[in-house]
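Participant: For chain A, the structure is supplied; the task is to place chain B on it using the hints.
Those protein sequence lines, which keep their order, are chains A and B.
Going letter by letter, the first sequence gives residues 109 to 668 in this note's numbering.
Going letter by letter, the second sequence gives residues 18 to 349 in this note's numbering.
It is worth saying that the hints were derived from the structure and are not from the lab.
Everything numeric in this text was worked out from a predicted model, so none of it was measured.
There may be inaccurate statements among the hints.
Which residues of chain A face chain B? A few of them, derived with a C-beta cut under 7 Å, are [what the hints assert, rightly or not]: (1) Ala125; (2) Ala529; (3) Val532; (4) Gln536.
Using N, Cα and C, we set each Cβ at its ideal position, and we do this for glycine too.
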Amino acid sequence: MTGATETGVVRGRASTAKTVAAAAVGLSALLFALALAAGFELLSLTGRLAGVPTIPLLGGLLVTLGAAVIAFGAGSRLELVETDPSRSAGLVAGTLFTGIWFVVTGLVASQTLGLGTVGWLAAASLGGAAAFAVTALPREDVGSTVPAGALAGSVGLVMLTGGIGPDWSWSPAGFSDAQSVTVFPRVVIPIAVAFCALVVGWAAAKAYGGFGARGRHLGAYLLIYLNAGSIIAVLFVLVAFVFAKGIDPVMAGVTVGLGVGPTTTLAVDLVIPFADVRLFGLSYDVVWPVSWPFVMNGASILNDVNGVWPAIVGTIWLVVGAVALAVPLGVGSAIFLTEYAERGRFTQVVEVATNALWSTPSIVFGLFGAAFLLPRFTPTPKKSLLAGMITLGFMLLPLVLITAREAMLSVPDEYRDASAALGVSKWQTVRSVVLPAAMPGVVTGVILGVGRIAGETAPLILTMGGGTFVTVDQAASVVDSFQLTLSPPFVTNPELTQATTALPYQLYQLILANVGQSSGIENMDTFRWGTALVLLVVVLSFYAIGIATRQYFRRKLDYE
Amino acid sequence: MSNARHDAATDGSTDTGTATDTGTDVDTGTDADDDTDGHTATGRQHGTTTTGETDERIRAEWTDYEFAGDVALSVEDLDVYYGDEQALRGVSLDVPAESVTALIGPSGCGKSTFLRCLNRMNDRISSARVEGSVELDGEEIYQDAADLVALRKRVGMVFQSPNPFPKSIRDNVSYGPRKHGDVDTGLLSRLLGRDDEETEAELVERCLRNAALWDEVNDRLDDNALGLSGGQQQRLCIARCLAVDPDVILMDEPASALDPIATAKIEDLIEDLAEEYTVVVVTHNMQQAARISDQTAVFLTGGRLVEYDDTDKIFENPESQRVEDYVTGKFG
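With the rest of the complex left out, here is chain A (with noise of 0.2 Å):
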């Protein structure tokens, strides 16, 4: 009887009791995931799993699971269980229980027993009144267990009895006809099972730690993983999607062998400048070994798949050229707000500033774009790929300054001292010191910025989108169209000036203005897919391509 009484530093080994709760956690952990998988059509609600009809099978686990976690409950009230339970299980856990029961209750009472409002209002309250006595009142392994049992158990029951099968449908009253809203089953069973499963598993993951303290972590914890989880399983079924939907069109007509690829030529011309001498040229045509028409072709009626390679192009010139704008320009305003400027009312506007600009919809920049931007460049307004970059770099350009401003305030002013005592003036500690210790922060911005970035589309609808569906000769080849010219700018490069095309406003293009179909493309549905593939595989490059430089940056500073 000492160990009743006295707290032991020890756990008690293993029991049949606690195997069960561990059981109980593993089986909602599991019922979260059908429910999820369920809710992403990969589980079918009207097909068998394991032999069983789904419905009525997700019902079973779900009494089974209740009935375990209520008589672990009882067991542990009984003293049957060692446990450390509490004097009650909180005023927390007494209000969520109460909500959900009167939701429940009051559910039940107005659309199934079809009571008028006084009868479900009384019957919601009494069943959110008794779920309160249930969790509050009695001691806590009582009061986390049985309501959370009882709620798993009767919507189990639900579904193992056909209450709700695969056929049922629920309308609710009160929508005009225009705006009905029918629920099916394979939205309410998923919900309704995920969520259960997180209560019961909450509850049976308390059980599992024997309650008190420790039971409250662990099923604290339990829920936290469970989120986490669900998160990641979001995120990877969006991505899997995309790429299931969009790879049979991109990888059509791949080809791998010497010579099948197009054709590239290395050219080096040694041309003197304004003369139009040309002293020599070599020029090597490279075969590409890999044909990958999805990627490498653009659209013409003559191509056997069309591709999408322009955009590509475009997509890519656009990043580099509002990085180019927006780096040095939000990187320099940010070695000015932190190491020169005083702080003051001057720094805080600029600051508030960038915050709002930042938070400005994208459409406002390209309205800027194209009232202020396009005059600019050629005699009569024409959208070009100039102003596309110049407006994605002003977009750009506040987080930049954000986030490299930040990034230089959390360097050690103790750097700045022993450099200044060493003699080195500011801006040489700002070059060697500060900065080389923001870069990896400032990394980040850019990752983050070009991220949104390079997926707009409004801004490019008004300032740069050109014809969507272009040969792969048109593609934007700025680095060719370089021209030195006697007279000024010198530099001239037409191809900038010219409109273009980019991954999100061709995808924008294809699904509502529904072009294509006159350039020659057969299935719009897979090419809209495909176009989607491959501008998430750029933007993830680009990603890739910041992961990589901030890891270069900050295996720099690190000593590991």
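Facilitator: This is chain B only, laid out in the frame that chain A set:
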């Protein structure tokens, strides 16, 4: 009265929150006038202060210190204000060349502030205002024409907590000379084949040897300096300071963040350095001051220099009762 004094002391340390270094906390007592009134007038009212100091009048001859060698730094009537608070009051002392001068005193007495005046690091605190004169080898450093870069090259500083840059050990040592253009290992000069890699290697080795760190790190010069232990980091900071070849080295409680073994190494190093350099060291630790220094200046509450003399004299037979109380541990 003792309450009022206490309040002022608290205010003093909060008002100078901009100071990056705890050592610059100021404590200006309201008993600031007692050297003019004399201890007969105020002494009756005060008796002893809250910290247990007896009141007494500071005599000018206590701070007159005659020595034979050259004067490295000559300070005359130095007053420092942080905003409205006065941190130093009329401090005058001469620092002999190639010796160790210790500055001791209780917290907030202005000894770190004084140290930071010697290479104008106080200029980096916007609320600080310095009046008076500091001459380095006869040249006034508080004049408009003073070149801070040149000054700080000649008067180096080591801080209380080790603050190496997050760079390699080699880069930490060669940072100063590189920025001053004495060592050039940039890409351009490397391409042109006239980089100073050998000069740099020699410099790094010499400075690390002088800082008694070479044997511990010579096989990992390219490792990040932040991976060193605290004591090694502090010796690296000393090596970094030696690399710009200063005349004077200021040390602000260089061993206060270190364990006894690392402290002993730093103390040995300071004594060795005094053969070539003029070292001014602030310390809280009186035994340390007694061990390593040739002469000691005692700052007491109110930002005043109370006594300045040979270390032996200060610790064995000080003129001032307050200094005696302080060095024997009766207060502070």
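Participant: Among the hints numbered above, which are violated by the structure, and what are their numbers in rising order?
Facilitator: 1
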